[in-house]
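Student: What follows is the residue order along each chain.
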Amino acid sequence: MTIPSGLRGLRALEAKIRGLPNQDTLQRRRQIVRSTQDQVRGLQSELILNLQRVNALRIAQDNSDLLESNVKRALASASAKTIELLALLRKDDFDGRKISEKFDAIKRATKSLADDTGTGWADICNEYTDQANAIRPIAERLSPRLLARIQELDGLLAGKRNTPPNSVTFARSVVDAWRAITIEIESLAIKPAVKQFLNDAKNGTGDPKSIIDPEIRTFLDTYPLLWKSLYVVFR
Amino acid sequence: MLSPIAQVGSGATEWFLATHSPITCTDNVGPVDQEELFKFLFSASKPETLVIVKGEPGAGKSQLINWLKIRFDDSLGSDEHPSMGDRRVRSVMIRRRSGSLKDALEQLVEQLPEFERYLAKIRAAIDGVSGEAANLRLYKQLYLCLFDARDTAQKHLRLLHEIFNANGTVKWLCRKNGAIDLNIKRLVEQSDATARESLPFFRADDFKFPPSANLGFDGDLADRLADDEVLRNAAASRANEYLRFAIAGLTGLRGDTLNEIFREIREEMQRRGEALALFIEDVSTLSVLDEELVNAVQPLNDPKLCPLVSVLGMTIPAYVRLPDNLKGRIDRVLEISTDSSLKLQEAGDSGIDEFVARYLNGLRAGPDQIRLLADDVRARGDQRQSVCEDCPVKTKCIEAFGSVQFGDVEIGLYPLGPGVARRLLKGLDLDTSLRNPRTLLQHVVLPLLGSIATEFRGSTVGISLKPRSPGDLAVEQDRMLAGWTAEQKGRISYLLYYWTGRETLREGAAILAPMLPWFQHPPFSRLDPSEGKPDDTRPPKDFTRPAPVEPEAPKKYHDSIARLDAWFQQNRPLERDVEYRQLLASVISRSLSLDQVRIPSQRVQGLSGQITAANIEIEGMIKKPAVASKARFVFERSHEIYEFLKDLVGFEHLGKSSWRFPGGEEARRRYGHWLSKREAQYIRAYDITKCDSRAALATGVRFLRLAYRFSLRKDLPSDLAQAVNQIVSFKPTDTFGLSAAINNMSNDLPQRVQAIRKVILDELAVRQGAGGINFIDPRPIVENLSFNADDVSLGEFDGADVEIDFPSISRLQKSQWTMLAEVLQGEHKALETLIYSLETVLRHWHISTENMPEAIREYLESARAVIKACEEANQLLGNDNLQERIRSLAPAIVSRHVSMIERGVSVVDGEALAVLSLDVKEVNDTVDLLKQIDAAIRRLQEALSQRLSDVVTTEEVEAGQQQAITSIQEFLALCAAESVCPEVEA
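Protein chains in written order, with the working numbering: chain A, 1 to 235; chain B, 236 to 1221.
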């Protein structure tokens, strides 16, 4: 026998006895309130998680307004339905179905926010991945350190592309990894003409005549492996 | 030298003869005077003559036998010769003296010194009856006698002889003052004639053996004797049957032994040519040998034996006891009676007057002249000289007291008078009815002479007489006895009748008047003229004229006065004292002003109940005083009381319960005077209590106050009047106690309060008429209510007599009320235990006991809620009454219970005395209710345990609901503040 909190002895006994005549109702109501509480706790956790993800995304994107409208919309919707849920729960006679409907509505609101964060995170991952892939060949030929930086970024994002992070630390580590790559690239001191030549070459649109440009010729001579990577194709 | 018993030895023969009055006895033919008897003996023609002189003690047997002996001796000394011829006659006289067998035998041995060899057995007998071993010898003799006769005994007593041959019984049967011991004493010690008539017999109790003596004889007999009183009586009778025989056996003179001894002596005397004259004053002195003696001296007609003259004195019973064959051998049986000497049957009083005159003359003669008188008696048969002849006051003396003529001489009768001796002898107030010469001498002449010599000390004449108060004493005393002292007035009740033969002063005063100066009395203050002058009223010689006619005064009056006179004047016991005690009881009951006194209290006065004769004690009364527990009103033997009683007797008999009788007015005044003088004394006599009644009262009041508090659980009202009212009226209720002591005290409280209150009210009652108590003196109650309320003792009251004087107070002192403080301590402790026994109950139900009253409130309210819930759930408690009681525990009722516990806790926290302010029953009821509830609910809980195990309560649902709401509110808050969403660092 479970004694209600703060009710012991004769009072507890009295309560038990008093409950005997309407056990079905009390059992059902207890089920509802227990379920309600469980669901609310679940929604609360989920909402917190999504909001944490939004925060992480904003850091990762370095954009404090990221998904702001999405968030407001979702919370407004959830609040409205939660208030309705509260009203239902305060009634003596619980209506399980209505409560369930309200929970569905709240869940939908929180789910939309989850979807938005998932999309945002995917875009970020794609952007970093694309840029890293772009310099990866040059890095393999020009700078092992740069390549190491690119591989570190790869490690951070490995397996987490489908689940948006809710950790601010993680978001900051992704930003930091990208910043390290950038620094390594800048340390190569590539002049604009060279940079243009390399981009074009990477994209297969380079002009072989550019090789005669002294700056480019000098740069290529500095990195003989780069020479070996150049080949000419016909369009 | 005057002795009521014949004194012949030791040179007293002259005195004996001088005062001897001729005795005339009788035989089966007619009167036989002493001289005739002497001649019969002295001149008897037979060689053996046996004469028995029988008569009652004091009749003169010894006197006659002694006279015969003297006469015999005198005749032998003169020229007279007996029939025995020239033989030397040895006369042996065995006198009564101490009356013991030993003494009698010793006299016989002493007077026959030349025949000692024949008397050896008698000497042996003397030794045999003496000494410490005599008891044992008699014990053994009884064994032998009973053994010989065992075949004649009844079945269960066949072995009775064994008792007298058992080591265990010796000490018991031979004990001091046992039958054996008394019989031995009888043989050697002095005894009187009456005692000698029978033996000290065994009684049934002699055969009721103490355990130590119940040994050494037949066990069956021992058991039967122990269990059966009838058998013990039979055993005593059987032993007594052989007692005389055994005693005779003890002397060794049983059977023919004594006969043989006499025979041997007589044979010797015959050889010597002597004769024997044996005079025995009283054969009973020979005790069990009386028959043997008569047998020894009976005529035998044996020529070998010397002549024998035997004169044996015997009492009538002893003679009757003789076997007929022995009686047949007696030559002559003479009977001597009172009249033999005093000749009372003769006309006039000459015989008795002459009898005393001889003594008086002998006394006056003195030792110098007594021989002359004796010689006259020897020579002329009687006195012929009067000592009065030489007396200078002879004429006046004889004029006053009269005289007796002996031949030509006149012997004055002073201090007696003609007929006085006869009246005095008849008027003697003695235990015995014997009126014989010895009585006259012993109880009249000797005391009177002694009293005259001392001038009549006291109100009597020195003789144990029945007073004969003059019939007109009440009427005449003030007139005729003026100036007389109380003693002299008292003495008139003797002098008038006994010295004059008259019953009234009017008739006898003139006769008594000339005697008064001789008695050192003043003359009568006035003589009735009709009686003539005193000088003309010489007492008539002849007092035999008819007695005067009784006056009108009732006989009862005279009788009462006479007994009163004897009581006061002779210092004798008050005969039929109840009559006087009844009169005095009426005085005490009716005349004392008890209504006017408060001490002794009405209760104490009532202790003695109705005052009756039993409460009256008169000094010298015959009846034993009343039991000590009653008031005793003591009246001393004084002249004042004597006079008072006489007045009361007059009031009763003359006035017929009024003062209307001659002299009544004076008596009434005396009565009033007496009453005013003695009233306080006799009121005090009502107080038979010995202990301090004030202390008893204090104890009683203390108790009532405690009882009030004990019963009603509150103190008395502070207002004294109301407090007193409560003390005398409160009704103790049944008081509940937790301890047995309290309950015990409560059980008998109503009766005890009633009893103690009665004592107090009776003590304090102020009598108002004959009704009940309707007014009390409250002061003692008020005084005793002032003691400290904290003092629960009964006060100091320790009197040894309290049990008698205040039995209810005594019982109170022995009760637990004296330990009330301890009892209250016990109750206090029990109360604490009771109240705190609830802690277990309360803790079980998780109720804090820090504040007990509030815990009780919570408990009761919760219990009521449980019951209500049960009823809503159609669940029964299983005890309808209790369920109803719990359901009805409305807040007010709960508060009452809480208040009760609160008061209980307060008492427990205080002193034990505080218990007296608490209704413990109510506390107990509350505790009991709580425990009943506890037990019932526990049972309910157990019964429902299965069903309740999975029950969801509203409270649980509501709690869950509240938790859910809280969570939703938190969620809402989260929605409203998305910017403050926590950052997750890892």
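Hint data in this document are derived by calculation from the structure and do not stem from the laboratory. Among these hints, one or two may not hold up.
[As the list claims (entries may be wrong)] Chain B residues, not near chain A, derived (Cβ > 12 Å throughout):
| no. | residue |
| --- | --- |
| 1 | F275 |
| 2 | N536 |
| 3 | S826 |
| 4 | S892 |
| 5 | D1012 |
| 6 | E1096 |
| 7 | R1131 |
| 8 | D1169 |
| 9 | D1185 |
| 10 | A1212 |
[Said to hold, decoys possible] Below, a sample of chain B positions facing chain A; criterion: calculated Cβ distance under 10 Å:
| no. | residue |
| --- | --- |
| 11 | W1080 |
| 12 | S1097 |
| 13 | I1172 |
| 14 | L1179 |
A virtual CB, placed ideally from N, CA and C, is assigned to each residue, including glycine.
Student: May I ask you to check that F275 (chain B) keeps its beta-carbon over 12 Å from the closest beta-carbon of chain A?
Tutor: At about 133 Å from chain A, F275 (chain B) clears the 12 Å cut-off, so the statement holds.
Student: Close enough to count: is the Cβ of S1097 (chain B) nearer than 10 Å to one in chain A?
Tutor: 3 Å, holds
Student: Hey, is E1096 (chain B) genuinely clear of chain A, shortest beta carbon separation above 12 Å?
Tutor: 9 Å, violated
Student: Would you assess whether R1131 (chain B), listed as outside the interface, keeps its beta-carbon beyond 12 Å of every beta-carbon in chain A?
Tutor: Nearest chain A Cβ is 20 Å from R1131 (chain B), so the label holds.
Student: Hint I1172 (chain B) vs chain A: min CB-CB distance below 10 Å?
Tutor: 7 Å, holds
Student: Holds or violated: W1080 (chain B) as interface residue toward chain A, Cβ cutoff 10 Å?
Tutor: 4 Å, holds
Student: Holds or violated: is the Cβ of N536 (chain B) farther than 12 Å from all Cβ atoms of chain A?
Tutor: About 133 Å separates N536 (chain B) from the closest Cβ of chain A, which puts it past 12 Å; holds.
Student: Just double-check A1212 (chain B) for me: nearest Cβ-Cβ distance to chain A has to come out over 12 Å.
Tutor: 9 Å, violated
Student: Minimum Cβ separation between D1185 (chain B) and chain A greater than 12 Å?
Tutor: At about 8 Å from chain A, D1185 (chain B) fails to clear the 12 Å cut-off, so the statement is violated.
Student: According to the definition I'm using, a residue is off the interface if its beta carbon is farther than 12 Å from all beta carbons of the partner; does S826 (chain B) meet that for chain A?
Tutor: 83 Å, holds
Student: Hey, does S892 (chain B) actually stay past 12 Å from chain A on C-beta?
Tutor: 90 Å, holds
Student: Taking the shortest Cβ-to-Cβ distance between D1012 (chain B) and chain A, state whether it exceeds 12 Å.
Tutor: Given a closest Cβ separation of 62 Å, the condition holds.
The earlier numbered hints that this structure contradicts are 6, 8, 9, 10.
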